[in-house]
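Asker: Sequence:
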Amino acid sequence: MDVSIVVPVYNEESNVTALYEEIKSVFKSLDLTYEVIFVDDGSTDDTVPTLRSLIDAGASNIKVIQLRQNFKKSAALTAGFQHVQGEVVFTIDGDLQDDPNEIPLFLEALTEEVDVVCGWRRKRKDKFFIKTLPSRIYNLFNRMLFGLKIHDSDCNFRAYRREAVKDLVLLKGGHRYVPAILDNLGFRLTEIEVHHRRRHAGKSKYGFRRLFQGTIDLITYKLLFSYGQRPLRLFFSLGIICLLAAFGFGVYLLVEKYAFGELIGDRPLLILVAVLGLSGFQIMFFGLLGELISQRNPEPSTVFKIRKIYGAKEEK
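Going by our numbering, 87 is the number at position 87 of the sequence shown; the sequence numbering is gapless.
A few of these clues could be false.
What the hints assert, rightly or not - In silico BS3-like cross-links for lysine-lysine, where the CA-CA straight-line distance does not exceed 30 Å: (1) K149 to K123; (2) K222 to K257; (3) K166 to K305; (4) K305 to K24; (5) K166 to K149; (6) K222 to K123; (7) K308 to K24; (8) K305 to K172; (9) K166 to K308; (10) K257 to K149; (11) K24 to K222; (12) K125 to K149; (13) K125 to K24; (14) K28 to K123; (15) K166 to K222; (16) K308 to K222; (17) K123 to K24; (18) K28 to K125; (19) K125 to K172; (20) K172 to K28; (21) K166 to K28.
No lab work stands behind these hints, which were simulated from the structure alone. What you are looking at is a predicted structure, and each value in this text was computed from that prediction instead of being measured.
Please work from the sequences and hints to get the whole structure.
Answerer: In structure tokens form, the structure reads like this:
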């Protein structure tokens, strides 16, 4: 298999048929074998029946992975990555805003010196305050914290070498940080400008609240990248700061008592010394616990559950 295309979908019954037809039209001019893996993230409309009708009509290169509930986009992408067979893996959204006709441009950019090609929606066709502005703020912080030269880390239209994503397990919110994650693992990234279209049908599932959620995830992943392999470094440092502060205040109180004869039994500072000392030891303990937990990689089964797989092989 040459190419696998992973499409996470949630309530996209009005778009999936048109998207598949566009993809099929593109590959008619390419001498490549391909599969389209639709990952249904707990849709409540007729997305799955629509896709099954395409399979029944003879679309043998469609595979539908139906998740048991709405596990969110990161889980849907992880499920898709676990089932790819192609040497090159694409991800593309199911709302038709990404243009499949640009797939050849990604393939051209995926040279021997490149492992991942990211799309850059330089001229977005979204509502400015609801989607475009939050995305720009997020991408600014993303570049500042992770040092990425990618302008649009939030764009899901990407091409990867299979080895970059085959074993990638994305925790909640991780889909926004795939470029940063892969860059941190040593994969080589580049980007190309892509044409961004208006939504064909249906409603966007994102809003301005995504900025708040993304900010929390941004801080979390920054800490994971900096201390994820050795969390004890962060917690040990914080614990030492607390212990040093407790020691400093304690010395001050001792000087007050023995040098100046002051009573310290009822001083609030004495309570602070006790709190800081106890907190310092607790923080260091949690750091050790985090060190042990970090040695265990998350399993896909902890991120999503599959109800059934349709197409290619009919699986449970």
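Asker: Please go over all the hints and tell whether each is borne out by the structure.
Answerer: So, going through the hints one by one against the coordinates:
| no. | hint | verdict |
| --- | --- | --- |
| 1 | K149 to K123 | 18 Å, holds |
| 2 | K222 to K257 | 45 Å, violated |
| 3 | K166 to K305 | 18 Å, holds |
| 4 | K305 to K24 | 29 Å, holds |
| 5 | K166 to K149 | 24 Å, holds |
| 6 | K222 to K123 | 28 Å, holds |
| 7 | K308 to K24 | 24 Å, holds |
| 8 | K305 to K172 | 14 Å, holds |
| 9 | K166 to K308 | 20 Å, holds |
| 10 | K257 to K149 | 58 Å, violated |
| 11 | K24 to K222 | 39 Å, violated |
| 12 | K125 to K149 | 23 Å, holds |
| 13 | K125 to K24 | 24 Å, holds |
| 14 | K28 to K123 | 28 Å, holds |
| 15 | K166 to K222 | 23 Å, holds |
| 16 | K308 to K222 | 35 Å, violated |
| 17 | K123 to K24 | 26 Å, holds |
| 18 | K28 to K125 | 28 Å, holds |
| 19 | K125 to K172 | 26 Å, holds |
| 20 | K172 to K28 | 36 Å, violated |
| 21 | K166 to K28 | 26 Å, holds |
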